[in-house]
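Novice: Residue strings, one per chain:
Protein chains: 2
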Amino acid sequence: MTKLIIAIDCMGGDFGPSVTIPAVSKALQNFPQVSFQLFGDKKLIEKYLNQIRLKDRTEYNNRLRIIASDNDVLMSDSTAIALKNKKTSSMRLALEAVRDGQANACISAGNTGALMAISRFILKMLPGIDRPAIISAIPTLKNDHVYLLDLGANIECDEKRLTQFAIMGDQLAKCLDKSKQPKVGLLNIGEEENKGSNVLGRASNMIAKLDSINYVGFIEGNQIFSGDYQVVVTDGFTGNNVLKTSEGLSHYLSSKIKIAFEKNNWTRFCGFLARPVINAFKKEINPEKYNGACLIGLRGIVIKSHGSANVNATYCAIKEGIQQSQQKLPQRIKDQLLKVIY
Amino acid sequence: MTKLIIAIDCMGGDFGPSVTIPAVSKALQNFPQVSFQLFGDKKLIEKYLNQIRLKDRTEYNNRLRIIASDNDVLMSDSTAIALKNKKTSSMRLALEAVRDGQANACISAGNTGALMAISRFILKMLPGIDRPAIISAIPTLKNDHVYLLDLGANIECDEKRLTQFAIMGDQLAKCLDKSKQPKVGLLNIGEEENKGSNVLGRASNMIAKLDSINYVGFIEGNQIFSGDYQVVVTDGFTGNNVLKTSEGLSHYLSSKIKIAFEKNNWTRFCGFLARPVINAFKKEINPEKYNGACLIGLRGIVIKSHGSANVNATYCAIKEGIQQSQQKLPQRIKDQLLKVIY
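Note that the protein sequences, when read in sequence, are chains A and B.
Take 1 as the starting number for the first sequence in this note's numbering and just add one per residue.
Take 1 as the starting number for the second sequence in this note's numbering and just add one per residue.
Please keep in mind that the hints were generated in silico from the structure rather than gathered at the bench.
Predicted model, so just to flag it, every value in this text is computed and none were measured.
Accuracy of the hints is not assured; some may be wrong.
In this list, chains with the same sequence are indistinguishable; a pair is considered to hold if it fits within one copy or across any two.
[As the list claims (entries may be wrong)] For lysine-lysine, the following BS3-like pairs were computed, each having C-alpha atoms within a straight-line distance of at most 27 Å:
hint	residue 1	residue 2
1	183	256
2	183	42
3	263	142
4	283	263
5	178	195
6	289	174
7	174	328
8	43	142
9	47	263
10	282	263
11	42	3
12	124	195
Kindly produce the complete structure, drawing on both the sequences and the hints.
Specialist: In structure tokens form, the structure reads like this:
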């Protein structure tokens with residue numbers, strides 16, 4: 001593995017360094033050739049670094065660099081405020097490290113809108129791409145995953161933007177999963193050609209014309225989890241609602257099954273016996289595994305971790321950043337875009 | 001209970017009379033004051049009616065009337081074809097029975113687009129409503145349900161239409177659940193006022209101005225199942241995707257749990273012991289219970305049953321039609337609309 005440097009916005013998310021630092025510590029252990037630049041409140045970062053075992057800490061020291069930032073981008077900050085007034089925030093400094101070639105990727109659990117806007121301003125877009133899209137893997141029935149984009153960066157999308165999403169999602173699947181001909185579907189309320197808005201109809205025609213993409217046409221919401229598709233394209237409003245509804249429904253179903261097993265002593269006994277099975281099931285569908293959405297379309301790698309991510313989930317987001325860095329994802333998407341666009 | 005007559009489009013859905021007739025038979029048994037008008041292929045309907053026990057059949061005869069139709073609306077028919085060429089279809093004749101006061105409600109599992117278009121043409125809209133919306137109850141964590149609309153009838157909605165949805169959903173919750181101040185939320189990708197499209201911002205302002213509605217503002221997809229809201233308003237494209245994604249995810253999770261219990265002999269034994277608990281859980285979240293979406297906003301009651309509905313699910317759709325008929329739902333919505341609009 002080539003030596004990589006990952007820039008961490010330690011202050012982002014609901015828990016800041018209390019979660020980011022233990023996650024970095026886990027990554028230090030598991031990825032011995034990766035170094036980390038830690039952006040944020042130096043004292044706080046030191047405090048949590050000191051909780052790492054002294055022996056390990058000494059060993060890790062040459063793979064850690066703390067870069068103090070002045071202020072943080074708050075969850076309540078508008079993108080305008082974040083862009084204009086937070087020029088020395090941990091988020092911005094981490095992104096500048098990627099721009100300046102000092103880091104291969106930036107991981108942040110901060111304000112999504114601000115991360116989008118600052119990334120776009122600092123890193124710039126790939127040729128032919130207007131705005132970043134948020135893409136993430138979602139588990140499927142075939143023990144595999146499907147990439148869904150956009151998850152909330154672009155609430156209204158015309159056919160060109162949806163086509164850009166298809167190209168980028170296709171490339172991500174090809175790079176990260178070595179998928180040769182990923183099946184790409186466009187989310188709609190029916191499979192028939194005449195279904196949905198005019199924009200979707202035009203987008204479908206545009207994507208169908210791209211030889212490099214194995215486009216299967218419209219697919220419906222119930223097919224996302226089937227495992228029959230590797231990339232599902234939609235606008236950011238729908239994608240965000242699909243993702244959040246899935247979170248809500250998973251919570252609803254797991255709460256209901258818990259209640260069913262707590263009904264009486266017999267069901268509790270059954271629950272006790274079945275616990276390993278239930279735990280194996282939970283582990284398999286664990287959303288933490290899928291933390292780390294990518295802001296795709298930029299000239300650098302930016303991974304957005306969930307605001308409420310815990311240590312394990314944050315570690316998964318870091319891992320995602322490392323994998324994309326190994327694959328030199330933006331360069332590969334750029335190469336494909338140049339083939340398709342020009 | 002007042003005497004009611006329900007018009008059944010026996011030919012709609014994937015299974016036609018083989019499912020609709022047994023469902024009607026169950027309703028005949030459970031609702032002794034309800035009569036049924038059965039629209040469709042007379043021979044086929046008779047064939048399935050003859051499968052009812054002879055004793056019951058004789059008893060039911062005076063509560064059953066078969067009305068032969070010439071042709072059926074096919075799932076592949078465009079709305080134009082359905083409107084122009086299928087004037088004596090089972091779907092249309094059933095809707096005409098509602099229009100002419102011969103039936104209190106129409107139940108159909110046929111082509112949704114055609115059902116929408118023919119309903120609108122035959123029954124006409126309530127004052128102040130432009131087009132019907134599809135509304136359905138969805139289970140929540142608080143052992144209750146939430147009404148979600150629109151589920152696919154209106155793919156693009158302006159603020160006026162979203163406001164009409166809020167008024168209709170609010171009335172449905174008030175009528176069917178005796179909910180005094182149902183909490184009404186507008187689906188968006190964030191709770192903050194500046195989130196989402198301009199249309200959503202304007203819709204939020206319009207709904208907030210209605211004194212009769214307990215409007216709580218924007219809510220996100222993960223809150224749909226929380227039980228904190230009784231009505232969730234969204235456009236038909238998003239609503240349809242939310243609903244279908246939920247179907248897909250439920251299928252994914254139940255398949256995964258089945259696989260977890262089938263791993264080896266020990267897990268199979270645990271599964272055997274836990275089966276009654278799992279079955280109780282399945283029963284509680286059973287989507288069949290929630291079959292029967294209402295085409296709201298019309299001057300008559302039209303219930304859309306799922307195309308793939310089985311006997312139990314179809315029975316639930318019939319029950320929904322009976323309940324709405326008892327509540328004289330369109331009249332009550334009309335009364336409220338007149339208060340709000342004029």
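Novice: At most 27 Å between CA atoms: does that hold for residue 178 and residue 195 within a copy, between copies, both, or neither?
Specialist: Neither: 32 Å inside a copy, 37 Å across copies.
Novice: State whether the alpha carbon distance between residue 263 and residue 142 is at most 27 Å within one copy, between copies, both, or neither.
Specialist: between (33 Å within a copy, 16 Å between copies)
Novice: Have a look at residue 174 and residue 328 and pick one of within, between, both or neither, based on CA distance no larger than 27 Å.
Specialist: within (12 Å within a copy, 57 Å between copies)
Novice: Is it within, between, both, or neither for residue 282 and residue 263, if the alpha carbons may be no more than 27 Å apart?
Specialist: both (20 Å within a copy, 15 Å between copies)
Novice: Is the C-alpha distance from residue 183 to residue 256 at most 27 Å within one copy, between copies, in both cases, or in neither?
Specialist: Cα proximity of residue 183 and residue 256: across copies only (23 Å, versus 34 Å in one copy).
Novice: At most 27 Å between alpha carbons: which applies to residue 183 and residue 42, within, between, both or neither?
Specialist: neither (46 Å within a copy, 46 Å between copies)
Novice: Treating 27 Å as the Cα threshold, decide for residue 124 and residue 195: within, between, both or neither.
Specialist: For residue 124 and residue 195, only the inter-copy Cα distance (24 Å) is at most 27 Å; the intra-copy one is 35 Å.
Novice: Within a copy, between copies, both or neither: which one fits residue 47 and residue 263 at a CA-CA cutoff of 27 Å?
Specialist: neither (45 Å within a copy, 45 Å between copies)
Novice: Give the relationship of residue 289 and residue 174 under a CA distance limit of 27 Å: within one copy only, between copies only, both, or neither.
Specialist: within (20 Å within a copy, 42 Å between copies)
Novice: Is it within, between, both, or neither for residue 43 and residue 142, if the alpha carbons may be no more than 27 Å apart?
Specialist: Result: close neither inside a copy nor across copies, 46 Å intra and 44 Å inter.
Novice: Up to 27 Å between alpha-carbons, please classify residue 283 paired with residue 263: within, between, both or neither.
Specialist: Both. Shortest intra-copy (24 Å) and inter-copy (15 Å) distances satisfy the 27 Å Cα cut-off.
Novice: Reference check for the pair residue 42 and residue 3, CA-CA at most 27 Å: within, between, both, or neither?
Specialist: within (25 Å within a copy, 76 Å between copies)
In this structure, the hints that do not hold are numbers 2, 5, 8, 9, in rising order.
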